[in-house]
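Trainee: So the chains spell out like this:
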Amino acid sequence: MTEVLLKVEGLQVAFKQDKVVDDISFDIKCGETFALVGESGSGKSITAMSVLRLLPSSARMQASDISLAGESLHEKSEVDYCQVRGKKIGLIFQDPMSSLNPVMSIGEQIGEVIQLHFSLTKQQRRDRVLHLLKQVEMPQPERRINEYPHQLSGGQRQRVMIAIALAGEPDLLIADEPTTALDVTIQAQILELLKSIQQQTGMALWLISHDLALVSNMADRIAVMQKGKIVETAVTHTFFQHAQHPYSQQLLAALPDMESCRKNQAQATESLLKVDDFKVYYPIRKGIFKRVVDHVRAVDGVSFSIAKGKTLALVGESGCGKTTLGKGLLNLSPASAGRIIFDGAEFEAQQMVASKDFRAQMQIVFQDPYAAMNPRMLVGDIIEEGMQSLRPELSSAERQQRVVSLLQQVDLPESSVLRYPHEFSGGQRQRICIARALAVEPKLLICDEPTSALDVSVQAQIIRLLKKIQQQQGLSYLFITHDLAVVGELADDVAVMYQGKIVEQGGVEQVLTQPRHEYTQTLIAAVPKLKEA
Amino acid sequence: MSILLGFMLRKPHMQRPLRKIAHSRVGLSSLVVLVFFVVIGVTDSIHFKDTESQTQDVISLLDYFAKPLINRSEKTYSAPFSAYQYSKENITHADGRSEWGYPRLQHGGAHLDNPEQQKARDIALKVLTALLRSCGVLLLAFLLVVWVFRRQSIKYLQVPSINMALLTCAVLFTVFYTLGYLSTFYHVLGTDKVGEDVFYQAIKSIRTGLVIGSLTTLIMLPLAILFGILAGFFRGWVDDAIQFIYTTLNSIPGVLLIAASILMVQVYMANHAEDFNSLLVRSDMRLLFLCLILGVTSWTGLCRLLRAETLKLREMEYVQAATALGVSRSTILWRHILPNVMHIVLISVVLDFSSLVLAEAVLSYINIGVDPTTYSWGNMINGARLEMARDPIVWWSLTASFVFMFTLVLAANLFADTVRNAFDPRRADHD
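Sequence order for the protein chains is R and E.
Taking numbering that gives the first Met the number 0, the leading residue of the first sequence gets 0, the next gets one more, and so forth.
Taking numbering that gives the first Met the number 0, the leading residue of the second sequence gets 0, the next gets one more, and so forth.
What the hints contain is simulated information worked out from the structure, not anything from laboratory work.
Glycine included, each C-beta is placed from N, C-alpha and C at the ideal position.
Hints should not be assumed to be uniformly reliable.
With the Cβ distance kept under 10 Å, some of the chain R side facing chain E (calculated, not the full set) [claimed, not checked]:
id, residue
1, GLN362
2, ALA371
3, GLU508
Below, computed lysine-lysine pairings styled on BS3-like, alpha-carbon distance capped at 27 Å [stated by the list, open to error]:
id, chain 1, residue 1, chain 2, residue 2
4, R, LYS289, E, LYS311
5, R, LYS285, R, LYS307
6, R, LYS228, R, LYS6
7, E, LYS311, R, LYS285
8, E, LYS311, R, LYS15
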């Protein structure tokens with residue numbers, strides 16, 4: 000147990016002048032799970048890549064020692080190194096879709112690795128692939144072996160990635176954010192799988208993640224990285240009881256907590272938006288005449304209401320129709336049926352005219368702040384755009400003034416007006432998006448996963464900002480998310496969506512602590528929680 | 000153009016890309032080369048009646064300057080800097096004796112008594128003279144400019160890109176002055192089949208190349224941008240209709256279409272002979288029509304690219320956000336879609352510009368390009384093609400047109416690259 004497997008000393012990686020990894024040292028012992036935690040840009044993936052020598056060519060790397068099981072790695076030639084990659088060290092990437100070759104069957108892709116490292120006959124190889132697929136608990140491995148990546152679900156693809164990583168029977172498995180692209184229930188399954196495989200094979204697992212809660216359940220030891228430096232290394236148990244470094248403490252404090260919902264007290268107020276039997280169907284067309292043969296029921300008869308100045312969280316996994324519902328309400332994608340009562344006015348969903356008044360009442364904040372702003376427009380123009388079209392009575396000077404006050408409201412400097420979106424970080428961009436939505440003084444803000452592309456500490460800031468704005472202006476939020484922990488922080492009411500239908504809704508405390516529906520129960524159970532110390 | 004420039008200089012955020020172009024060494028030097036070509040093209044487009052000559056022809060400003068070149072035609076081919084004709088013929092001497100050999104040229108090297116011995120020395124001397132003179136002129140011009148702009152010049156001369164541009168200017172001036180000076184004594188790039196100076200032809204072809212490249216692009220661009228963006232943005236029947244138009248247009252062989260329309264123009268001109276009485280007007284009319292038909296047939300490729308890009312862009316979240324903010328569709332097209340496809344437009348316009356100059360050569364080869372009397376690189380190549388099999392080879396027409404074409408296209412490419420980089424805000428921090 001105590002024997003050191005991987006030893007890294009004095010590792011430095013730099014791109015031109017920027018030091019991304021700055022003199023870090025750590026070791027991983029045989030059979031343990033070591034977690035490297037940090038926010039995006041802290042250099043954790045680069046660290047893993049430099050151990051595997053898979054850095055981009057513009058990077059310069061230096062190390063005083065990198066050795067695997069006592070054998071020095073960084074003096075090896077590139078040819079010898081190929082025997083280390085895959086055979087001694089396996090690697091799992093974040094996005095299983097882009098890591099698999101779309102034109103090769105999964106059997107071939109796993110077999111390729113086996114062929115590289117072992118001399119086996121064709122039949123033996125096939126048996127080995129089947130064995131691996133069984134080991135990663137792939138359902139129906141005999142059939143799956145001939146299938147292609149697009150025929151598998153996200154979780155199954157990640158299982159294939161793990162099988163490929165295991166094919167060389169490595170001593171060390173590096174998992175670089177293995178579950179970030181997956182739904183929370185699938186994530187729980189994959190983590191369970193990794194744990195059980197580790198117990199079977201006794202290999203060491205190097206987990207790279209930004210998710211402290213996840214890490215607390217998996218890791219034996221934790222190292223926290225900040226700006227290219229390891230600021231703290233500790234045994235998991237001690238780390239979560241008393242973290243030493245201020246940055247670690249800050250990370251722990253920023254974690255959203257489902258338990259915090261107990262603080263919220265629901266008061267009944269009159270409803271702002273009432274949605275009744277809302278449907279969005281996409282026709283499936285076939286044949287020469289494009290006859291409609293069936294419909295994809297993206298949103299299938301959903302009813303809910305949002306109270307004035309309150310937040311309704313819409314929770315569900317990817318593909319359950321929650322984003323479609325949000326866009327359907329805004330008439331960004333056409334609704335098929337349903338009735339909407341907004342602030343006393345009643346609409347039929349199909350005939351809902353996108354009148355300018357109505358547009359100003361409801362606004363949306365998107366998930367990806369990088370795609371949500373025109374890269375060729377100045378921030379000032381982006382915020383001003385809505386006012387130009389929906390508030391034509393304002394003069395140019397008044398609009399400028401309002402842009403500045405909006406920027407102040409979302410805690411951005413006035414000078415941002417003449418800058419381009421790419422000059423801002425993810426969190427700042429999301430603030431600009433919020434300012435853009437607020438510019439037309441909406442009554443309801445639809446937030447479509449506004450925090451899921453952001454780091455934990457930034458996520459906490461955005462949630463705080465949203466809360467502040469709600470208190471100041473009495474806005475209502477429809478908060479679409481897959482992250483139950485965020486729900487606990489922000490929401491008053493929760494609606495759980497599953498396959499286009501709302502399966503459970505109610506007050507946040509009641510849903511999170513005493514879920515009635517089976518699906519809600521699985522969802523809540525799957526959320527990684529900080530291990531009770 | 001200058002109004003646009005003035006507008007941009009007043010807005011602080013628009014000054015950034017301009018400053019970036021001004022600080023790019025490659026960009027500024029290629030701009031200088033481009034401007035040089037355009038200036039030649041423009042001087043060649045200003046026509047007036049020549050009152051000095053007996054024929055009273057309509058000539059261009061360029062012809063006026065290049066008069067010594069026009070009136071110095073030989074009988075047939077001669078190599079660059081040669082004093083003798085390229086092919087043998089029967090020479091009759093003053094004393095009545097006749098001989099089979101290479102006759103002396105009428106103009107090229109005519110001032111030499113014994114070309115074999117004197118030529119190398121003479122050329123070296125003349126080059127030196129020209130270099131000294133141009134250096135003197137440049138030095139004077141430089142001092143004058145520095146004296147006139149005493150205050151700013153010190154600041155600007157420290158910018159490496161401006162130094163580079165000035166250097167390009169100086170090199171261009173020196174090279175062309177030297178060539179011009181030499182060509183009053185020799186045929187620096189030889190003569191062609193009918194004895195015309197190739198250097199003069201190559202310079203005259205600049206106008207044709209520029210006109211074909213820019214005019215065709217001007218005709219093609221609005222069609223491609225309008226149809227491409229509309230098809231991608233509105234989809235549905237608009238998309239179907241536009242796709243139908245360009246697939247139909249694409250499936251008609253382009254050469255046939257061009258041949259047919261050039262024929263139509265010729266017939267029209269023949270029927271209205273009184274309107275097209277001058278040779279110059281006729282060839283310009285044909286050039287114009289060639290641009291038109293090339294433009295109408297060549298927008299499909301760019302249109303397809305733009306349609307695909309727009310299909311992608313319309314699903315972007317910032318377009319949806321604009322829709323949610325109640326921005327009208329035309330504004331979305333103008334403000335969100337168009338600027339984000341401009342990089343594709345710029346790249347393909349420059350590529351098309353080069354391929355159009357080349358297409359002109361191909362079309363001239365099958366006689367449906369510009370008028371055979373029009374000076375163009377295509378016609379030059381076409382003429383030289385027939386002599387490629389000759390031994391020793393007649394290489395100068397081909398090389399001259401190639402060098403000129405290459406310089407123009409390279410300068411256009413490099414400049415477009417700089418512009419694209421400068422106007423992409425995402426690349427603002429890099430390099």
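Trainee: Which earlier hints can't be squared with this structure?
Mentor: Violated hints (numbers, rising): 3, 5 and 8; every other hint is consistent with the structure.
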